[in-house]
Amino acid sequence: MHPFTHLHVHTEYSLLDGAAKIGELTKRTREMGMESLAITDHGVMYGVIDFYKACERVGLKPILGCEVYVAPTSRFVKERREEGTYHHLVLLAENMEGYHNLIKLVSLGFTEGFYYKPRVDVEILRQYSKGLIALSACISGVVASPLLDYGYERGKEKALLYSEIFGEGNFFLEIQENGIPEQTQANNMLIRLANETGLPLVSTNDVHYIDKSDAEAQDILLCVQTGKTVLDENRMSMSVDQFYLKTPEEMHRHFSHIPQALENTQLIAERCSIDIKFNEYKLPIFVVPDGGGAFEYLQKQCRAGLESRYSTVDDLTTYHERLDFELGIIRDMGFVEYFLIVWDFIRYARENLIMVGPGRGSGAGSIVAYVLRITDVDPIPYNLLFERFLNPERVSMPDFDIDFCYERRQEVIDYVIEKYGADHVAQIITFGTMKAKAVTRDVGRALAMPYSDVDRVAKMIPADLGMTLTKAMQVNAELKSAYDDEEDTRKLLDMSLRLEGLSRHAGTHAAGVVICDKPVLEYVPLNLNDGVVTTQFPMGTCEELGLLKMDFLGLRTLTVLRIAAEEVKRGKGLDVDVHNWPYGYDDPKVYDMISAGKTSGVFQLESGGMTSFMRELQPQSLEDLTAGISLYRPGP
98 MHPFTHLHVH
108 TEYSLLDGAA
118 KIGELTKRTR
128 EMGMESLAIT
138 DHGVMYGVID
148 FYKACERVGL
158 KPILGCEVYV
168 APTSRFVKER
178 REEGTYHHLV
188 LLAENMEGYH
198 NLIKLVSLGF
208 TEGFYYKPRV
218 DVEILRQYSK
228 GLIALSACIS
238 GVVASPLLDY
248 GYERGKEKAL
258 LYSEIFGEGN
268 FFLEIQENGI
278 PEQTQANNML
288 IRLANETGLP
298 LVSTNDVHYI
308 DKSDAEAQDI
318 LLCVQTGKTV
328 LDENRMSMSV
338 DQFYLKTPEE
348 MHRHFSHIPQ
358 ALENTQLIAE
368 RCSIDIKFNE
378 YKLPIFVVPD
388 GGGAFEYLQK
398 QCRAGLESRY
408 STVDDLTTYH
418 ERLDFELGII
428 RDMGFVEYFL
438 IVWDFIRYAR
448 ENLIMVGPGR
458 GSGAGSIVAY
468 VLRITDVDPI
478 PYNLLFERFL
488 NPERVSMPDF
498 DIDFCYERRQ
508 EVIDYVIEKY
518 GADHVAQIIT
528 FGTMKAKAVT
538 RDVGRALAMP
548 YSDVDRVAKM
558 IPADLGMTLT
568 KAMQVNAELK
578 SAYDDEEDTR
588 KLLDMSLRLE
598 GLSRHAGTHA
608 AGVVICDKPV
618 LEYVPLNLND
628 GVVTTQFPMG
638 TCEELGLLKM
648 DFLGLRTLTV
658 LRIAAEEVKR
668 GKGLDVDVHN
678 WPYGYDDPKV
688 YDMISAGKTS
698 GVFQLESGGM
708 TSFMRELQPQ
718 SLEDLTAGIS
728 LYRPGP
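Just so we're aligned, residue 98 is where the sequence shown starts under the numbering used here, counting upward by one.
Each hint should be verified, as a subset may be incorrect.
[What the hints assert, rightly or not] Subject to a maximum C-alpha distance of 30 Å in a straight line, what follows is the list of computed DSSO-like cross-link-like pairs (lysine-lysine):
| no. | residue 1 | residue 2 |
| --- | --- | --- |
| 1 | Lys-374 | Lys-516 |
| 2 | Lys-175 | Lys-379 |
| 3 | Lys-532 | Lys-556 |
| 4 | Lys-695 | Lys-214 |
| 5 | Lys-175 | Lys-214 |
| 6 | Lys-227 | Lys-615 |
| 7 | Lys-150 | Lys-175 |
| 8 | Lys-534 | Lys-577 |
| 9 | Lys-124 | Lys-516 |
[Unchecked claim] Simulated restraints on C-beta separations:
| no. | residue 1 | residue 2 | range |
| --- | --- | --- | --- |
| 10 | His-417 | Val-492 | 23 to 33 Å |
| 11 | Thr-565 | Arg-177 | 35 to 45 Å |
| 12 | Glu-313 | Pro-489 | 48 to 58 Å |
| 13 | Ile-262 | Val-572 | 55 to 65 Å |
| 14 | Thr-567 | Leu-450 | 49 to 59 Å |
| 15 | Glu-720 | Ile-660 | 21 to 31 Å |
| 16 | Asp-581 | Val-675 | 29 to 39 Å |
| 17 | Val-675 | Arg-177 | 51 to 61 Å |
Worth flagging that the hints you see were computed from the coordinates, not collected in a lab.
Beta carbons are placed, not taken as given, at the ideal position from N, Cα and C, and that holds for glycine.
Please model the entire structure based on the sequences and the hints provided.
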C-alpha cells in the first residue's frame with residue numbers, strides 16, 4: 098500500500114465546476130485505502146462542514162481548505178491587468194487558528210475583493226497567514242502562471258515571496274501529472290526551482306470528479322456554467338480526462354521519480370488537525386436598559402405583560418404558576434437573551450405600526466411569548482404545550498416563526514442590524530440544486546440537442562415534489578422505453594443522472610437571519626449575493642454551529658390586512674385593530690363564509706383542495722378549523 102493524500106480537491110460546491118458529490122467522494126476515498134482527504138473548492142468554503150461530517154462518518158481525517166483567487170496587485174483594484182485578474186493558491190488549515198484565518202480570507206475575498214471572482218491579495222494573506230499551509234496550485238497558480246508567461250526568474254521571485262509570507266516549511270510547490278503540455282513544462286521548472294531554493298514539492302491531482310468516466314459529465318457542467326454547448330470550439334474546457342480521484346497507486350506511478358513530493362502529502366495531512374464544536378450556543382448579548390440582570394429584566398417584562406393581558410381575570414394563580422414554570426426552563430436552558438432579543442424587535446415593529454403575525458408553530462404554546470406580545474394566542478384555553486417549543490430533554494434552539502408585513506419586513510431587519518452592528522448580523526445562504534426536470538433541460542442545451550427532443554423528455558418527468566430521474570423512470574413507462582430505445586435520450590438521461598442533485602447556484606434565504614455576539618466572520622465565512630452579505634453555510638449548518646438564527650418572514654396576507662384596515666378607516670371612518678379583534682373567535686358570519694368556500698386570501702385555507710375540504714367540513718368554531726388544517730397537512 099502506497100500512502101498518499103489528495104490535497105487539491107473540488108467538490109460539488111465549486112459550483113458548476115466540481116462534479117464530485119461529497120458523500121460519494123469521501124466513501125470512494127476510504128474504499129481506496131486513503132486515510133485523509135482535503136476539500137479545496139474555488140474561492141468558497143460552502144461545503145466544509147458537510148465535508149467534515151461526511152469524513153467523520155466514513156473514518157477519514159478531514160483537511161479543510163480552499164483554492165483562493167489572488168489579485169495581481171490589490172484586491173481593491175477592479176480592472177483587467179496584463180497578468181490577468183487573478184491567480185490560484187491552495188490554502189489548508191493546519192489548526193483552528195488557521196481555520197479561522199481561512200474564514201476571514203475567504204470572507205474578505207467576497208466583501209472587499211470581488212471582481213469576477215472573490216479575490217484576496219498579498220496584504221491580507223500576510224495578515225492572516227498563521228496556521229495555514231499553502232500550495233502553489235495548478236498552471237493558473239501564483240507560481241506556475243508567471244513561470245510559463247514571464248520565465249523562470251519571475252516565477253522564482255513569486256515562489257520566494259509566498260514562502261516568506263507563510264513561513265519556512267509552510268509553502269509547497271505543487272506538481273501535477275495530467276497530460277497537458279504546459280503542465281509538463283511547469284513541472285520541469287518547479288522541480289528546478291525546488292532544487293535551487295530548497296522549497297518542498299507536493300504532488301496533487303486537482304480532482305474535479307470521482308471516476309475517469311465522469312469527465313464528460315463535468316465537461317457538460319462547465320458548458321452549463323458558461324452558457325456554451327459541447328460543439329463550441331472556443332469554450333472553457335478541461336481538455337483532458339485526468340482530473341479524477343486517482344488511487345494512491347496511480348499517483349505513485351506518476352511521481353515515482355520524485356518520491357518526496359508524494360511523502361509530503363502525508364506529512365501535510367499529519368500536520369493538519371481541526372476540531373469543530375457543534376451545538377455550543379453563541380447568543381448575542383442583550384443590553385438591559387437599567388444595567389441589571391437579563392433574567393430579572395425578562396421576569397419584570399413578563400409580570401407586567403401578565404397583568405395587562407389578563408386584566409379581567411380575578412384569580413391569576415394558575416397563570417403565575419405556568420409563567421414561573423416556563424421562565425425556570427428558559428433560564429436553565431440559557432435562552433433568556435433569546436426571548437429578550439425577539440421581544441425587543443417585535444416591540445419595535447408594533448411601535449412603528451409594522452404588522453406582525455399572531456404567531457405560528459410551537460412558539461404559540463408559550464405563555465411567556467404571549468405576555469411579551471411575541472404571539473397573540475393565549476395558550477391556556479387551548480391547552481397548548483410549552484414542551485413542544487422548549488424541552489430540557491431535547492436540547493435545541495427555540496424557533497419562533499415570525500411573520501411581518503411583506504412591504505415593511507426589511508425595516509425590522511434594519512433595526513436589528515443597527516442595534517447589534519452590521520458585522521454581527523447576516524442573512525443566510527441557500528443553494529438551488531439541479532433537480533430532475535431542470536437538469537435534463539440544462540444537459541440537453543449543453544449537448545446541443547434539438548429543443549423539441551429535450552422538451553419531450555422533460556415533460557415525461559412528473560412534476561411531483563422530491564421527484565428524481567430514477568423515480569421518474571420507475572413511474573413513467575413511456576420515459577423508461579424512450580431511455581431503452583433511443584440512443585440520444587439515453588445519453589441525455591445518463592448525463593443528467595450524473596449531475597442531478599448538484600448545487601447550481603447560491604441565493605439568499607427568504608427569511609433567515611443570523612445575529613452573533615461577535616462579528617459573524619469570527620464563526621462562519623461570508624458570501625456576497627447581489628450586494629447582500631450572507632453566510633456561506635446554509636441555515637441548518639448555522640444552527641448546528643450554535644448561531645442564533647431568526648426567521649423574519651414577509652407575509653403578503655398581513656399587508657392585505659393592513660390595507661383592508663386602512664380602506665375601512667377611509668370609507669367608514671372606523672379604526673380596526675386587527676390585533677385586538679373585538680368579536681373574538683365566535684363570529685358566526687366568518688364560519689358561514691368559510692363553509693361557503695369563500696376562502697380566497699384566507700391564510701392556509703386558500704388552496705383549491707382546502708377550499709373544497711372546508712365546504713365539506715362546514716366548520717363552526719376555531720377548534721373545527723384547527724382540526725381541519727391539522728388533518729389536511731401531509732404529516733398526518
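To see whether the hints hold, each was checked on the structure:
no.: 1; hint: Lys-374 to Lys-516; result: holds, 28 Å
no.: 2; hint: Lys-175 to Lys-379; result: violated, 36 Å
no.: 3; hint: Lys-532 to Lys-556; result: holds, 14 Å
no.: 4; hint: Lys-695 to Lys-214; result: violated, 52 Å
no.: 5; hint: Lys-175 to Lys-214; result: holds, 11 Å
no.: 6; hint: Lys-227 to Lys-615; result: holds, 21 Å
no.: 7; hint: Lys-150 to Lys-175; result: violated, 37 Å
no.: 8; hint: Lys-534 to Lys-577; result: holds, 15 Å
no.: 9; hint: Lys-124 to Lys-516; result: violated, 45 Å
no.: 10; hint: His-417 to Val-492: 23 to 33 Å; result: holds, 27 Å
no.: 11; hint: Thr-565 to Arg-177: 35 to 45 Å; result: holds, 42 Å
no.: 12; hint: Glu-313 to Pro-489: 48 to 58 Å; result: holds, 54 Å
no.: 13; hint: Ile-262 to Val-572: 55 to 65 Å; result: holds, 57 Å
no.: 14; hint: Thr-567 to Leu-450: 49 to 59 Å; result: holds, 52 Å
no.: 15; hint: Glu-720 to Ile-660: 21 to 31 Å; result: holds, 30 Å
no.: 16; hint: Asp-581 to Val-675: 29 to 39 Å; result: violated, 59 Å
no.: 17; hint: Val-675 to Arg-177: 51 to 61 Å; result: holds, 56 Å
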